[in-house]
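Take these sequences, add in the hints, and give me the full structure.
Line by line, the protein sequences give chains A and B.
All residue numbers for the first sequence refer to this note's numbering, where the first residue is 254 and numbers rise by one.
All residue numbers for the second sequence refer to this note's numbering, where the first residue is 254 and numbers rise by one.
Treat the hints as calculated values from the structure; they're not laboratory data.
Honestly, I wouldn't trust all of these hints.
For chains that are exact copies, the list does not tell them apart, and a pair is met inside one copy or across any two.
As the list claims (entries may be wrong) - Under the rule of at most 20 Å between Cα atoms (straight-line distance), these lysine-lysine pairs were calculated in the PhoX-like manner:
no.: 1; residue 1: Lys537; residue 2: Lys510
no.: 2; residue 1: Lys510; residue 2: Lys394
no.: 3; residue 1: Lys510; residue 2: Lys486
no.: 4; residue 1: Lys510; residue 2: Lys435
no.: 5; residue 1: Lys487; residue 2: Lys434
no.: 6; residue 1: Lys554; residue 2: Lys321
no.: 7; residue 1: Lys537; residue 2: Lys511
no.: 8; residue 1: Lys359; residue 2: Lys321
These numbers come from a predicted model, not from an experiment.
Here's the letter readout for the chains.
2 protein chains.
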Amino acid sequence: MTLVRSDVMPTIKDVAKRANVSVATVSRVINNTGYVNIETRHLVEKAIEELGYVPNELARSLFRKKSKIIGLIVPHISTYFFGELIEAIEDAVTQEGYKLMIFNSKDDAELEKKYLNVLNQYNIDGLILTANTRSAKSYLKLNIPILTIDHIIDSTVPSITSDNVRGGELAARKLIENGAKKIIHFRGPSDLITVVDRARGFYQVVDEHNIEAYSFDLDFKNPDINDIEMFIKKHPDVDGIFCSSDIIALYAISALKKLGYNIPEDVQVIGFDNIELSGVLVPKLTTIAQPIDDFGKVSMKIIKTLLQKKELEEVHQVLPVNLIERDTTKKA
Amino acid sequence: MTLVRSDVMPTIKDVAKRANVSVATVSRVINNTGYVNIETRHLVEKAIEELGYVPNELARSLFRKKSKIIGLIVPHISTYFFGELIEAIEDAVTQEGYKLMIFNSKDDAELEKKYLNVLNQYNIDGLILTANTRSAKSYLKLNIPILTIDHIIDSTVPSITSDNVRGGELAARKLIENGAKKIIHFRGPSDLITVVDRARGFYQVVDEHNIEAYSFDLDFKNPDINDIEMFIKKHPDVDGIFCSSDIIALYAISALKKLGYNIPEDVQVIGFDNIELSGVLVPKLTTIAQPIDDFGKVSMKIIKTLLQKKELEEVHQVLPVNLIERDTTKKA
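Listed below in structure tokens is the structure:
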């Protein structure tokens with residue numbers, strides 16, 4: 254690759270001279286500010302094109318096809334876990350001198366197609382997909398580093414996931430060790446790999462110990478507390494509940510209180526995620542902690558490795574989870 | 254205003270004829286698709302301008318350098334209230350055929366400067382600022398419709414705010430009506446206008462009734478539950494608490510429970526915002542509801558009015574709040 258020295262590149266002055274206008278006018282055209290007569294604008298644009306002039310830092314980065322922007326596609330923003338995840342990713346991205354542009358997919362294919370255009374036109378340097386999108390394959394065509402979080406779109410596309418199977422195992426083991434004999438598993442929609450893996454780990458241990466267990470599927474974004482209450486009423490002798498998110502666990506605790514159960518004496522509850530609230534609200538929630546900050550750091554590390562065209566040590570990384578014992582499970 | 258009859262308006266054929274090109278070429282220029290030689294483009298644009306040709310709605314917006322993108326600057330994403338606000342704005346924006354691009358300011362001037370460049374170069378159509386930013390004045394230079402939420406950067410820049418003063422009044426009045434004699438006001442940082450206004454309304458009513466009241470400032474994003482506990486211990490005979498966010502209220506309730514108070518018998522608590530959790534967790538929180546969905550709808554309505562270069566009926570709109578009575582205040 255040949256390095257283009259700045260002293261041979263045309264400057265804004267060259268453009269102004271060729272178009273026979275002032276530097277200020279060229280600047281107005283480039284930055285699209287203030288009024289410029291349409292004919293003058295055309296003269297300036299023509300001069301820019303003919304000279305191959307590349308304006309300022311940002312435009313130069315465009316010339317190099319680098320924008321220093323990482324795109325992030327999320328399914329929802331108002332979900333508590335995603336809020337924390339987005340901030341963790343943003344911290345890591347800005348720490349490396351990049352900016353983050355966030356796109357909310359809302360599971361809407363039409364919207365994603367529009368975003369795709371934006372990503373394409375703006376020369377986004379890399380893309381992080383935190384949710385399975387309908388347009389996954391189209392994103393690959395962008396020909397930029399792509400990383401998925403919590404799902405795998407292709408064996409060659411790098412991904413990061415928590416060790417969800419292990420999380421399910423840890424939760425089941427803790428409940429059973431503490432004497433639970435009949436466990437309810439409130440989980441998110443079973444088309445999500447995270448939900449399936451948490452359930453898989455959970456049922457492995459439950460089956461191993463021959464423990465009675467029942468699952469109920471809820472919406473991750475808007476779990477319905479009435480469904481939770483109804484399902485508990487159907488199994489009044491429940492003594493353990495494992496939820497595949499902390500928010501679902503907070504809802505389950507509210508339903509249990511309303512029905513007159515004591516926590517953890519009558520029913521023990523374990524959540525998943527370890528969002529900030531889980532350690533603050535009373536009773537403090539026992540939960541499986543996801544490494545939210547590591548999601549940010551590892552994401553950026555992978556994107557940087559890919560940008561440097563280096564090989565990744567691991568294409569699909571699984572990050573460790575751990576059990577945080579608080580007040581919704583019995584003490585040993 | 255004169256109504257222009259469609260039969261006297263120039264058509265795309267007139268433009269093609271005048272520019273001496275095909276209709277397809279004019280269409281490519283208007284829709285900014287496919288390759289058009291720069292000189293041909295200029296001929297077409299000139300013909301369009303001279304004839305006063307008005308292409309269909311979408312094409313017209315493209316020609317005028319419209320991106321159909323609204324930028325949104327937020328201070329934080331992981332705050333529960335902001336998560337809900339962002340989704341409400343996004344709903345309204347996409348409903349009108351626009352896309353939303355979200356920028357997290359993090360109160361970082363350097364970052365904001367970079368975003369400013371992005372906004373500029375990408376021809377963002379309009380901008381919503383949900384937080385006071387260090388670069389407020391620079392955003393004005395973008396020369397696009399700007400709207401602020403929850404603060405005012407200039408008397409001429411449109412804004413939307415909840416009726417925060419009234420919210421504070423409603424909370425104080427309810428606590429006092431229900432017999433509170435010593436009230437603590439846990440609030441956010443007192444440099445935020447929302448916080449100041451809520452406190453103002455609150456103290457107006459408190460002073461009117463000669464009620465003892467104490468304020469304590471907390472961080473909105475990360476209120477420290479230890480500070481809350483300490484301050485309650487300092488005023489053990491407190492019987493009413495007004496918090497300037499629901500999250501602070503959830504923290505206060507946890508601190509009260511830990512200290513052995515019954516809610517609402519010993520201490521009544523009122524929050525602010527009406528986030529989803531406030532109506533679900535036990536005890537259900539009495540709170541001042543902000544019209545989160547209206548923030549989205551009204552924002553987009555204002556931006557659209559500004560894009561059409563029409564005058565706003567009100568430059569600074571104040572949206573109504575209301576008291577939602579739940580289980581943390583006594584029943585009448």
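Worksheet item: Which of the listed hints are not met by the structure?
Response: Hint 2 alone not satisfied by this model.
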